[in-house]
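Peer 1: So you can see what is in the structure, the chains are spelled out below.
There are 2 protein chains.
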Amino acid sequence: MEQMREAVTALERQVAAQAEVVKQQKAAAPGDKAAWQPAVDALLALKKDLTAAQKKLADSLAESSGAAAAPAFDRAALESMLFSRFFFAPAFGIYGGVRGLYDYGPPGTSLQTNILHIWRQHFVLEEDMLEIDTTNLTPAEVLKTSGHVERFADYMVKDPSNGVIYRADHLVKDVLKARLDGHQLALQAKLAPVAPAKKGGAKGDAAKPPPQELNAETIARYETILDTLDNYVGDALTKLMADENICALDTNVRVTDPELFNLMFSTQIGPTGNNVGYLRPETAQGHFLNFKNLYQYNQESMPFASASIGRSFRNEISPRQGLLRVREFTMAEIEHFVDPLKKDHPRFHEVADLSLPLWSADAQMNGQPIVQCTVRDAVALGLINNQTLAYFVARIYLFLVKIGIDPQRIRMRQHMANEMAHYAQGCWDAEIQSSYGWIECVGCADRSAYDLSAHSARTKERLVAREMLAEPIVKTAWMMDINKAKLGPAFKGDAKHVLAYFEGLKSCTSGEWDEAALLRLKAQLDADHQAEIVAPNGKTYTVTEAMIAVRQETTKVTVREFVPNVIEPSFGIGRILYSLLEHSYYVRPGADSQRRVLSFPPAVAPIKALVVPLSKSTEFEPFVRELTAALRVRGLASRVDDSSGSIGRRYARNDELGTPFGLTVDFQTLKDQSITLRERDSTRQLRVPSIGAAVDAVADLVHGRKTWAEVAAVFPEFVGQDLD
Amino acid sequence: MEQMREAVTALERQVAAQAEVVKQQKAAAPGDKAAWQPAVDALLALKKDLTAAQKKLADSLAESSGAAAAPAFDRAALESMLFSRFFFAPAFGIYGGVRGLYDYGPPGTSLQTNILHIWRQHFVLEEDMLEIDTTNLTPAEVLKTSGHVERFADYMVKDPSNGVIYRADHLVKDVLKARLDGHQLALQAKLAPVAPAKKGGAKGDAAKPPPQELNAETIARYETILDTLDNYVGDALTKLMADENICALDTNVRVTDPELFNLMFSTQIGPTGNNVGYLRPETAQGHFLNFKNLYQYNQESMPFASASIGRSFRNEISPRQGLLRVREFTMAEIEHFVDPLKKDHPRFHEVADLSLPLWSADAQMNGQPIVQCTVRDAVALGLINNQTLAYFVARIYLFLVKIGIDPQRIRMRQHMANEMAHYAQGCWDAEIQSSYGWIECVGCADRSAYDLSAHSARTKERLVAREMLAEPIVKTAWMMDINKAKLGPAFKGDAKHVLAYFEGLKSCTSGEWDEAALLRLKAQLDADHQAEIVAPNGKTYTVTEAMIAVRQETTKVTVREFVPNVIEPSFGIGRILYSLLEHSYYVRPGADSQRRVLSFPPAVAPIKALVVPLSKSTEFEPFVRELTAALRVRGLASRVDDSSGSIGRRYARNDELGTPFGLTVDFQTLKDQSITLRERDSTRQLRVPSIGAAVDAVADLVHGRKTWAEVAAVFPEFVGQDLD
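In the order they appear, the protein sequences are chains D and H. The first sequence begins at 1 in UniProt numbering and counts up by one. The second sequence begins at 1 in UniProt numbering and counts up by one.
What the hints contain is simulated information worked out from the structure, not anything from laboratory work. Keep in mind it's a predicted model, so treat the numbers as computed, not measured. Mixed in with the good hints there might be a few duds.
Just so you know, same-sequence chains aren't split out, so a pair can sit in one copy or run between any two.
[What the hints assert, rightly or not] Below, computed lysine-lysine pairings styled on DSSO-like, alpha-carbon distance capped at 27 Å: (1) Lys177 - Lys56; (2) Lys460 - Lys56; (3) Lys616 - Lys343; (4) Lys158 - Lys48; (5) Lys26 - Lys402; (6) Lys292 - Lys616; (7) Lys616 - Lys460; (8) Lys177 - Lys342; (9) Lys144 - Lys486; (10) Lys402 - Lys556; (11) Lys706 - Lys402; (12) Lys33 - Lys173.
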């Protein structure tokens with residue numbers, strides 16, 4: 001994008017310079033056309049290049065803002081089909097709806113269930129993960145420790161003229177982009193004959209200022225702001241919005257100063273009014289809080305992973321982009337607890353040769369493209385921090401491909417240093433490309449020991465794992481004895497403050513003493529037989545040799561204790577599901593452009609088989625019943641379509657649900673029990689000699705035991721039926 | 001309970017009377033022991049009977065208050081096992097916990113997943129239900145319509161001395177019961193020599209008043225209050241609490257007047273602060289709001305059912321009874337939409353002969369017991385309102401039995417008239433008996449057309465179904481024409497109020513006019529050529545013949561429209577799961593009383609097979625790997641226990657997880673690949689010749705294709721292994 005902008009700017013300068021040349025030549029010899037015609041031709045050529053560059057930039061802007069899609073893909077058509085087939089629908093529609101809330105209808109629910117089923121098989125069952133189910137309601141204390149109460153917020157601003165609220169960074173971005181686009185339009189208007197003004201520029205927004213030319217300095221400043229927008233917080237953001245006079249897009253009224261808006265839904269737990277709770281913004285905290293239970297359940301053996309599927313909530317200031325940015329969503333999260341010294345992975349070899357589309361932080365910084373790189377090389381080169389992180393990055397990629405995401409539209413993007421929490425030892429997102437651009441659908445972060453340490457510090461629970469040492473370690477460390485019998489009477493009511501000071505010198509997680517502090521104490525005691533301390537209450541106390549003693553102690557350590565590190569693959573199921581819908585969607589080439597198809601893999605498809613009797617005639621009913629019963633016994637979801645309309649029309653209707661196989665009962669069935677089996681994408685039909693054989697074939701195809709080609713090799717092709 | 005109380009009261013009177021007799025006889029002839037000995041013997045016999053009756057009542061009181069369980073069942077032991085095996089745990093335990101919130105650990109989650117899987121098969125797949133997934137967040141408007149904002153509330157009272165909040169009805173019940181119990185204790189104390197005072201009576205509650213004798217009138221009043229407590233609302237409840245001087249149990253301080261506390265968790269949706277939302281208290285509203293989408297998805301064919309599994313929330317004032325009364329819970333709900341004129345059910349014959357334990361409203365009123373009754377008879381006798389309701393009541397019973405609930409501890413209880421909403425056409429609860437008493441775990445209500453009508457009236461969306469009539473119906477009805485061209489200029493700004501009046505005469509759901517109102521209008525117009533109306537704004541207007549005309553219209557109706565009725569089976573999954581844990585639990589009879597078992601049916605068990613190598617020796621590893629891989633391929637969850645400890649100890653540990661089958665790898669396996677297969681309940685062991693055969697046997701057993709007896713008939717018994 002920035003390269004395109006630069007190209008346009010450079011061409012603008014060249015056009016202006018050349019125009020000056022033409023002007024001077026024309027002024028020098030007005031009648032001598034031959035003298036200045038070459039300069040005019042050069043100017044026209046430059047203007048043509050400029051127009052082309054501007055168009056390219058405009059298209060790219062439009063695409064990235066989601067306003068227009070690639071020509072081959074019609075999002076509106078897909079969305080209308082998804083609503084009318086009730087994959088999903090805006091929730092509370094008959095009440096006018098609530099932005100950012102969607103309900104899933106039968107095919108959407110079934111699609112989600114199937115994705116989650118494969119997720120459970122691919123991760124939980126395959127890796128013996130410990131699945132848990134924790135509460136959505138979360139007391140405030142927990143989310144204070146995790147940092148969400150303080151930091152899980154976006155800045156919002158209000159248009160004082162109509163009360164409309166914007167997310168501050170979105171508004172800055174939209175306003176500056178509009179100004180940059182306006183600059184292009186103003187230039188085009190100036191160079192009018194060659195580049196006609198775009199009609200879309202002024203669609204009824206009376207309040208909008210007219211497109212305005214910007215000077216090079218302003219353009220550069222805007223571009224810098226857009227590139228670094230995430231860095232503006234607090235006063236800097238307020239100043240930015242004032243300096244750049246950021247106004248509401250619709251009214252052009254100056255918005256209020258930005259205020260932080262916490263994105264968690266808050267509520268009161270119980271009747272007292274004193275117990276603030278939140279709806280969890282992620283499922284992860286439930287795993288960390290249950291670490292001790294999980295570790296014990298796993299017979300105190302490491303590493304292990306917990307897994308959880310559940311809702312999370314995010315009170316978006318202004319939700320947009322359909323299922324991609326919603327206020328309530330299903331997440332599937334894994335927390336893999338691992339010894340920080342042992343981040344190799346026993347099954348690493350299984351994925352080492354897999355080639356992944358990796359976009360490293362360095363490549364992003366230097367404007368370099370994605371590279372294909374094997375998992376082995378990624379770890380060897382230090383691109384991915386460790387084997388375990390790399391193993392999960394690879395498994396995530398394989399999962400996405402398994403459920404039908406187009407591998408060409410997946411990239412694994414490393415977080416840049418400024419996107420990542422200070423404690424993180426690497427974070428890779430699986431981004432999926434859709435008509436909305438590249439969207440983060442899975443995150444995979446090495447969160448080090450941060451979460452367990454934070455909860456441990458807050459609750460004083462020791463959230464640690466233990467390892468028997470092969471060789472005991474003899475360890476000498478400074479510690480102190482406290483003679484409470486002396487200390488108590490000496491300080492009376494203040495004794496607890498003095499004790500609190502000494503307790504503070506001992507780590508609640510490691511149990512180790514602060515050696516530097518102890519040695520300082522010891523030095524004072526050795527010199528003066530007493531020492532001064534400043535207790536947590538702020539008062540200074542003098543303690544004597546009789547009350548405390550600092551000494552070295554040698555212990556034989558047979559067990560190593562450590563705070564496990566956590567590697568966290570975290571899946572936004574709604575985003576994956578929506579991406580899958582886009583990737584599966586196509587319009588069947590050929591005469592009838594209305595024939596829309598969702599080409600889900602059979603294992604993911606909401607309905608596995610469509611059962612179509614030739615007509616509603618009762619003579620077909622026993623066969624339909626037998627077919628659906630046989631499918632049900634095998635756990636295969638089916639749907640009967642005995643509505644009127646040709647077989648072809650009914651097939652087409654169910655292609656829109658992504659049903660991979662069709663089973664038709666016709667007059668021939670009455671004679672010889674044979675059934676037609678149709679495959680969705682090829683529309684090829686086979687004649688299968690019996691209901692049993694047909695259902696077996698569908699089961700084999702759905703469970704991946706046979707391919708369509710293998711089934712087609714067994715049964716004769718069927719071409720008899722009228723398909724329209 | 002009341003019969004026991006009456007028996008005690010009667011015996012008290014007899015004892016008192018007999019004591020009087022003894023007193024008189026003794027006074028009449030102090031020395032003549034033979035004269036009064038028979039009276040004394042009679043008195044002693046009566047006192048013995050009284051003590052026995054009192055003990056029976058006390059036990060029964062204790063049982064119903066949950067303080068003590070039946071002797072054979074030790075709830076504390078079960079709970080401690082469930083916590084330590086991490087079936088579930090109080091949520092946020094390391095933060096001190098939050099009452100009414102629980103997390104499920106791996107075995108609990110898996111148990112729940114398996115119950116829900118069977119639920120989906122038994123209901124959704126079997127009946128081709130339309131599964132949907134709707135949001136937890138719900139805007140206030142929706143829950144105003146459903147009545148929850150106004151009525152989903154309990155009364156609470158506060159102890160002003162310490163701020164403790166009680167649910168008002170619970171407190172009244174606890175206080176009156178304590179007084180009735182105190183009466184018994186006081187009487188026992190009076191009749192001291194025979195009935196020593198119970199030690200438990202005064203355990204450290206200094207504030208508690210001493211047990212006091214009550215007069216017969218007070219006892220009768222308390223008993224009436226306890227029987228009719230649900231009827232006290234508003235001022236009547238306030239008066240009751242004042243009249244009876246209801247004090248906090250711990251402090252004996254008079255509590256505040258009762259206030260309504262809404263049981264929904266409220267929050268704000270979006271940043272404006274103007275959009276109150278609630279966490280749904282049930283999933284049902286999401287079904288009703290999507291009726292149109294569902295009806296269309298079902299190709300406008302009736303009847304059909306929607307189904308949904310999801311969380312619901314209830315901000316209990318004071319949660320107790322563990323998993324049975326929680327603030328966040330998983331529900332599975334079905335809404336079966338049916339033509340009110342066609343409540344027969346095509347599959348009724350499949351359940352008609354099933355005998356169900358029915359406890360009708362009449363039987364409850366008349367103190368009669370549960371009767372076994374076939375579903376056919378229940379409908380024929382009018383006990384269950386219609387075939388469809390009866391079909392679901394039967395299917396619910398079959399589901400509970402299928403997942404392992406003890407059929408002896410299920411009863412289907414009809415709601416009494418005062419428990420039921422006025423619109424309901426019958427409501428049956430499946431109640432399951434556990435150590436907490438009989439608990440409602442599934443409700444099954446015929447909600448008539450109430451919900452769709454209410455949402456339709458509020459939103460003006462016509463939530464109706466259509467049926468093509470076989471024979472068109474010619475229908476004559478009164479309607480009115482409104483001449484807006486006359487009416488508008490005549491009333492100017494007030495015209496909208498006049499129009500609103502006339503619009504109010506037409507039903508927004510049926511589209512029919514209020515015939516009585518029209519005929520009244522017509523009579524006025526016929527008499528005076530004008531008529532007076534009172535518009536919704538309270539003003540009176542005069543309309544003339546020129547503005548409106550009332551006339552009869554004859555139409556040919558080819559389509560019948562109706563608001564579908566809804567039959568709603570609603571499952572509390574956590575309550576079912578907890579009941580199943582109690583019903584599955586037993587202590588293995590024999591030497592070692594610590595051997596506790598959960599005897600889940602294999603299909604429900606969290607883990608299907610335990611894999612036990614004789615020791616950690618590496619030579620067993622390949623077999624363990626092969627076994628677990630083979631189980632995984634068949635989708636069977638397994639767990640390896642290669643910890644130290646005897647095979648028997650490891651089996652016992654996994655009996656506590658309810659693992660039905662054990663597979664042991666021993667030295668014999670190294671020689672001939674044979675494996676030991678052990679069944680949990682019989683502890684019988686078989687020797688199976690290969691890993692493949694063993695895994696096949698487990699798969700057959702789990703999927704119900706073979707019984708243990710059938711498997712045991714094929715393979716030889718194994719008795720070689722040391723089990724301790």
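Peer 1: Can you give me the call for Lys402 and Lys556, within, between, both or neither, at a CA distance of at most 27 Å?
Peer 2: neither (51 Å within a copy, 56 Å between copies)
Peer 1: Within a copy, between copies, both or neither: where do Lys144 and Lys486 come within 27 Å Cα-Cα?
Peer 2: Neither way: Lys144 and Lys486 sit 39 Å apart in one copy and 67 Å across, limit 27 Å.
Peer 1: At most 27 Å between CA atoms: does that hold for Lys26 and Lys402 within a copy, between copies, both, or neither?
Peer 2: neither (67 Å within a copy, 96 Å between copies)
Peer 1: Taking 27 Å as the upper bound on the Cα-Cα distance, should Lys177 and Lys56 be classified as within, between, both, or neither?
Peer 2: within (15 Å within a copy, 82 Å between copies)
Peer 1: Within a copy, between copies, both or neither: where do Lys460 and Lys56 come within 27 Å Cα-Cα?
Peer 2: Classified as neither: same-chain Cα gap 59 Å, cross-chain 48 Å, threshold 27 Å.
Peer 1: Taking 27 Å as the upper bound on the Cα-Cα distance, should Lys706 and Lys402 be classified as within, between, both, or neither?
Peer 2: within (16 Å within a copy, 33 Å between copies)
Peer 1: Within a copy, between copies, both or neither: where do Lys616 and Lys460 come within 27 Å Cα-Cα?
Peer 2: Answer is neither; intra-copy 70 Å and inter-copy 35 Å both fail.
Peer 1: 27 Å Cα cut-off: does Lys292 pair with Lys616 within a copy, between copies, both or neither?
Peer 2: between (61 Å within a copy, 25 Å between copies)
Peer 1: Please work out whether the CA atoms of Lys177 and Lys342 approach to 27 Å or closer within one copy, between two copies, in both situations, or in neither?
Peer 2: Answer is neither: 48 Å inside a copy and 61 Å across each miss the 27 Å cutoff.
Peer 1: When no copy is named, should Lys158 and Lys48 be tagged within, between, both, or neither for a Cα gap of at most 27 Å?
Peer 2: Neither, since 42 Å and 81 Å both go past 27 Å.
Peer 1: Using 27 Å as the alpha carbon limit, work out where Lys33 and Lys173 are close: within a copy, between copies, both or neither.
Peer 2: neither (47 Å within a copy, 108 Å between copies)
Peer 1: Using 27 Å as the alpha-carbon threshold, which applies to Lys616 and Lys343: within, between, both, or neither?
Peer 2: Answer is between: at 24 Å across copies they meet the 27 Å cutoff, but 63 Å inside does not.
Of the hints listed earlier, those the structure fails to meet are numbers 2, 4, 5, 7, 8, 9, 10 and 12, in rising order.
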